Amino acid sequence: MKEEHKEGAHGHVEKYKYGMVIDLDKCTGCGACMVACMTENNVPFRKDESDKLVSTAWMRVFKATNGKSYPDIDVCYFPRPCMHCEGDHGHSPCVSVCPAVATDYDFETGIVSQIPTRCFGCRYCMAACPYHARYFNWWDPVWPDKMEKALSPDVSPRMRGVVEKCTFCFHRFQRARDKAYVEGRREIREDEYQTACTQACPADAITFGDLNNHEHEVYKLKKSPYAFRLLERLGTNPKVYYMSTRSWVRREGDNYLKGEKSK
Amino acid sequence: MDSALIPEGVKRCSFGKFALWIGFWSLLMLWALAGAGVCWLKGLNQTNLNDYFGFGAWITADLAIIALGAGAFFTGFMRYILGIEDFKPIINFVVIIGFICYSSALAILALDIGQPLRGWHIFWHANVHSMLTEVAFCISAYFMVLTIEYIPLVLENRQLDKIPLVHHFSHNLHHIMAVFAATGAFLSFFHQGSLGGVAGVLFGRPFAFRQHFAIWPTTFFLFIFSAIACGPCFTILVTRITELITRKKLVKQNVIVKLAKVSGWLLVGYLLVKTLDTVYWAMVTLPNMGVSFMDMYPESPFTIWILIAELGFCGVIPAIILITEKGRNNNLLLIPAAILTCIGICLNRYVMTVQALALPVMPFDNFVNYIPNWAEWVTSLAPFAYGAILISLSYRYLPVFPQEKELNP
Amino acid sequence: MSLGRRGFLQFCLGAGAGITFSPLPWKLMDDSCIWSQTFRGLPIEVPVPPVGEVNIEKSVCTLCPGGCGISVRKVKNRAVKIEGTEGHPINDGGICILGVAGLYQLYGGARVKSPLKRAGNRGEGKWEEISWSAAISEISKKLSQIRRNGSAHTVACISGKDRGTVPQLFKRLLTAYGSPNFISMPSSEDTERLGLKLMQGEDASVGYDLENARYILSFGSGLIDGWGSPVRVFRANSAWREEAVKGLAKVVQIEPRLSNTAAKADQWVPIAPGTEAALALGLAHVIVKERRYNKDFVMNHCFGFEDWTDNSGKVHKGLKRMVLKDYSPDVVSGITGISASKIVAIAREFTRAKRPLAVCGRGKGSTPEGLQEFMAIYALNALVGNINKTGGVRALPEVRTTAWPAVARDAIAKRGMSQPRFDRAGTKAFPVTESLFNQMHTGKGAYALSALLIDGANPYYTAHDKTAVAEALDSIPFIVSFSSHMDETAQHADFILPSHTNLERYEDVPTPAGLNVPIIGLSRPVVDPEYDTKHVGDIVIALGKSTDGIADSFSWDDYESLLKETMGGKWDTLVREGYWKDESYSPAAWSSGFKTPSGRFEFFATGLYKAGIRSNNDNDYLPRYEPVVLEGTSDSYPLVLIPIETTRLADGAVANSPYLTKTVADTVLRNNDIFVEVNPKTAAAYGLSEGTVAMLKTPTGEAKVRAHLYEGVRPGVVAIPTGLGHSAYDDYLSGKGVNANDVIGTVEDPVSGLDIAWGSRASLVSI
Ligand SMILES: Nc1nc2c(c(=O)[nH]1)N[C@H]1C(S)=C(S)[C@@H](COP(=O)(O)OP(=O)(O)OC[C@H]3O[C@@H](n4cnc5c(=O)[nH]c(N)nc54)[C@H](O)[C@@H]3O)O[C@H]1N2
Ligand code: SF4
Ligand code: SF4
Ligand code: SF4
Ligand code: SF4
Ligand code: SF4
Ligand SMILES: [Mo]
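Protein chains in written order, with the numbering used here: chain A, 1 to 263; chain B, 1001 to 1409; chain C, 2001 to 2767.
Hints are computed from structural coordinates only; laboratory data are not their basis.
These numbers were taken from a predicted model, which means no experiment stands behind them.
Any given hint could be a false lead.
[Claimed, not checked] Restraint ranges, calculated between C-beta atoms of paired labels, are given here:
#	chain 1	residue 1	chain 2	residue 2	range
1	A	Val142	C	Leu2028	25 to 33 Å
2	C	Glu2057	A	His214	31 to 39 Å
3	A	Asn66	B	Gly1037	48 to 56 Å
4	A	Arg185	B	Asn1288	41 to 49 Å
5	B	Lys1088	C	Gly2007	45 to 53 Å
6	C	Asn2121	B	Leu1033	47 to 55 Å
7	A	Val142	B	Ala1182	24 to 32 Å
8	C	Cys2012	B	Asn1288	27 to 35 Å
9	B	Lys1162	C	Trp2026	38 to 46 Å
10	C	Trp2026	A	Val142	39 to 47 Å
11	B	Lys1261	C	Arg2006	56 to 64 Å
12	C	Pro2638	A	Asp51	48 to 56 Å
13	A	Pro71	C	Pro2638	41 to 49 Å
[What the hints assert, rightly or not] As a list, the in silico SDA-like pairs of lysine to any residue whose alpha-carbon atoms are at most 20 Å apart:
#	chain 1	residue 1	chain 2	residue 2
14	C	Lys2171	C	Ala2551
15	B	Lys1088	B	Asn1157
16	A	Lys149	C	Val2051
17	A	Lys52	C	Ser2615
18	C	Lys2681	A	Lys258
19	C	Lys2074	A	Tyr70
20	C	Lys2681	C	Ala2272
21	C	Lys2074	A	Glu108
22	A	Lys68	B	Met1362
23	A	Lys258	B	Val1284
24	C	Lys2704	A	Ser113
25	C	Lys2076	C	Asn2055
26	C	Lys2342	C	Ser2328
27	A	Lys146	C	Arg2073
28	B	Lys1088	B	Met1029
29	A	Lys146	C	Lys2564
30	A	Lys47	C	Ser2615
31	C	Lys2342	A	Lys258
32	C	Lys2317	C	Gln2010
33	A	Lys179	A	Arg246
34	A	Lys146	C	Val2051
35	C	Lys2076	A	Ser156
36	C	Lys2076	C	Pro2049
37	A	Lys220	A	Asp191
38	A	Lys52	B	Tyr1370
39	A	Lys47	C	Ser2328
40	C	Lys2681	A	Asn66
Glycine included, every Cβ here is placed at the ideal spot set by N, Cα and C.
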């Protein structure tokens, strides 16, 4: 059952609300999602990518530890795409600050878009995003040997000097929507639109779908007692949920004062 | 050699000496231009900026310069709008300082954006919700106003003024100057505020985020307040430096003291409001986000001392000096107080940009630090050289200080 | 001339309007938009990928032996994306980091673009391009000459694998030619097959029914770090996670370091490196002592549990007596560093659990474990009676394919094949082992080799003790590489006959290591060859046809027809589905399942005796813990070095692509520096802090490294990532960090002769 198409605060029709649930107990930190994203979205690489402060990975897998010492230490990985923050009625941290509307909140899908050809590289959006989900193109994109052959025509390579980020593989949504329209359908089925990272994940740790649609897996998973979101207390209202049965992991997802109880 | 260009009745150093002086600053400017050149040609990979520090030295320099340049609009505001005639003898000079500050700021902004050729997208695809849009519009408009304010002064050059068309043109501009001053004051209040808003709206950054008052975060008002408190101090400082270098008294003491007094009381007001804001932030805003006040000052260089330096050493101490009769009349106290005030505002602009980004927000994220590289340093400091050149040229060839003849008979 | 206020304003407005409505600003804005997308100070443009008709081609990934089904998205004739195939029995849509980056192997750097003949000195990097016909004829001339000289047996072949039609073709080439020296690169599968042969009497791989197991006791296996068929194990692990939430499954990881596998496990048992067998036997002690074993299986279907008497009346020790006497929890605790109570607790849990399973093969399984270590761990499975049961282990046979015509052996071939193997495998020295790569570089080879063919392997990089390997291989006068890429080994060859990469060719993919059901995959050409390369099978056939006296064994027109013929009735299914799965397979019943001399599952490996291994000590035939004696003394090398294996770095013959390297943390690689992990306690003792540059020394070599402090590694242990430190390939790969194999030596297993070095003694001194 799909919830009624709702009128948003600004009179927009909110048709879908795409989001993710990432099971951190299943995530192995293998990094396949990172590379799946890079190869899907024409993200370039350079000879030395060891400086993580200038290395672009729309999906980045962070490593967290429980802070204890041997042998009580525990480790958990946090795969971090763009959270496609809804904020307060589409007032996501980055969208509201971009002076050129080069990043926008799409009320039809809930996806925070990025328009590289409009972006002029002020990086205000990067300052606004607490998740470090945004990446600046410090260099010209160059592909060695014949690697340009592997570029997908569905996603434009970005030029130097602009910001880019995860788009929830928006081109896949377009592909699915076009297909549905051609077949005379208004709705896109759950399996028709899946992101590249979700599809690749060898551990099936990522689930993607319409958070408002009762029949979609994400709708059920987000209600799990183990589900939480990153930095929820900031009011970013992210559409990426995480799940873990380990309480320290859930606590690691947000900031808490000493003695304060967490989820 | 260039005596025909020098205003009548004033003394200037020899042209050779002047050329040497300008030459020195020009070398620094060339160095800065080289820095700017590589950044424009090769891109921002030539800096130490990175994805964690999208904002760095340049934004700090921009915000600081604009705050320091606030003397221009605020003195104009006091002179033209409030009608305080005391400030008339310094109004030319503050316009020049303002022009230097704002043109520097725009140049640095043009460096700081990744796609300078697309800078105009900010106007063309303007997002009215963005504080940066407001900043861009106001600063550009105000820069035009400053240019218009500066032009008549340039046209008053002895030789230019002889041309009838020029004479009429500048005469006409003078007549409508109050309109521009008023426009400038309005624009400036707004962009100083929206610069504060740039940081204050970042609800993903607990260090920068401030609660809203009406449609603006409190930093909107704090930035205006701190800028108008500090601007006059910067005017005092630049005037005193100019006097030191020219070895002449150029502005009467009463003007300087009055500026100091205004600055002092504004600083007191600012510190009170800033303290209230900080307390609210520490007691309400931060705990709601799950962070404690001390979490915001975790490690060097961002320890609690940076706050103490900003509000204590560079706030309370100069404020006390400036509001006391004896303090502001004693040059040995006044100048350090002015310097401290200016450092204070630079610190404030620094923490609101760089510290705001340096503190990791995700619990599992790392603290990283950032140090600008040569290209950033040299371009950030270039306004000093640029300022020295423009002030020197203006001082030499334009009737900047109406009291100069009187004070140096 | 005078200008009134009115006139002035008119002038300003007029000028403004004039410029605004002229085409000038609009044209400039438009241009700047275009320039800013393409002009960046250098004449480089952002590429615009051409559009075209989209096709999805199904194949099987061969970048590791995992056998995943892949779907390649093509735009016209360009492959633009590799994805896992939905519904494939191994990976069902999932894909690993290496596979998803696979297009770099095709389009990326370091491809060998045509046949090359060495022009300068060995390894100098000077090559001459030659034609295929010239290359084949020169090489076959050389081979013919060696053959004529009566030294056929001195030609050897090193292959990355030994199953499938391509390795079989190489074997056939050697057999027809007259050499027994087909050498496959070592892995834990070697030991496992050996152990299985001894304990169950089957020539088969160990199949682990991970999907159905519910208590997984892993002895250092990197279950989610690339062990077995990586994606398949990831998926099993996710299923365990779902069950574990309900309290229905548990994973216990026994490993000196908190690897990803350990971190995801329900319990991490940080054991002293290399003592896994002792722990297994300690667990066996508790199980036996508390009579927790499966009585039906152990009493009715096992041999060597109780003491037994041979034909001559001599009483032999059984497993029971041995573990009870030698492996009490207290003794084992002293060896492994794990408390006695924990040992007892794990043993009890293991036996109480529904469908328990013990798994072995450290890390990805690239280094074989000792034979008796395998037996010790495998014995746990027997004790709980999970052999050939759901959720247990099983002997997994090869998928049957059409047999090839018998090899025509002339007199030279017969004489050559009657020679002992160069590596002494199958000889009196190592009667049960098939292939011993390490004998090559430890200088123990039976005779000198005169020619070497290398396919699908990169021993100059992947073998322990690089210096020794290089010395040994360099001494062979004639080396031919079939590598698609200019890897370390190809660099040292005399000829490179570049084969198609996996996306350019057909190949059968045999059942991956550890799988629970026999399956065969078909790798297919997805794109036309990018360069002047050939299918390795076609090259072998061509060599066979043109080498003196062996052409009769190579009557196929080409590899493709050979493959079709071999797959026979399965071909159509393979082409349609991409795989053929043996649906009829089920593990044999206990009563008929064991082809050992005793007809039972053997704790006491009488097969060893039968093969000619004679010992008066019964322990030599039983599972047991024999400390691996690492080179060097604890005085000069106070620490123990172990490898860190993760999927983010490929450490085998297929190297990383830049995409993988990009995902590696800056606590593993920073600029060109590699980081080794040490416990903060160890670091403090040796004056190291985060990032300290230090010299890592082992008896095998030394390397400059940086220290990374990590609480997840046992005090006294240094852990080094594998997969870095290439000296070949392109700038995106070479020169980064250190090859862990440079500082790890070799240790010979006394029974199998395999290199079982799981690490090394080491010292770490800050510089
Ligand atoms: N130090 C160390 N040594 C190891 C290992 C380790 O991890 N570390 N792993 C060990 C283990 S378990 C194994 S299985 C082996 C595996 O290592 P390899 O020994 O050799 O096996 P692959 O990685 O499958 O082989 C890839 C090589 O074959 C080429 N290639 C790629 N696709 C194809 C193809 O379709 N056909 C042909 N002919 N060549 C192809 C590549 O260019 C590359 O040269 O190495 C063993 N040795
Ligand atoms: S691919 Fe899946 S398992 Fe691997 S890091 Fe990403 S989310 Fe985790
Ligand atoms: S995660 Fe960052 S980039 Fe993505 S929507 Fe939220 S604030 Fe914007
Ligand atoms: S960098 Fe680009 S997307 Fe980000 S705020 Fe600036 S113009 Fe907008
Ligand atoms: S949703 Fe798409 S764009 Fe976003 S991280 Fe995943 S693969 Fe990348
Ligand atoms: S696990 Fe192996 S077979 Fe599967 S995709 Fe990865 S490299 Fe290819
Ligand atoms: Mo392997």
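Enumerate the violated hints, using their earlier numbering and listing them in ascending order.
Violated: hints 5, 7, 8, 10, 11, 12, 13, 17, 18, 19, 21, 24, 28, 29, 30, 31, 32, 33, 39.
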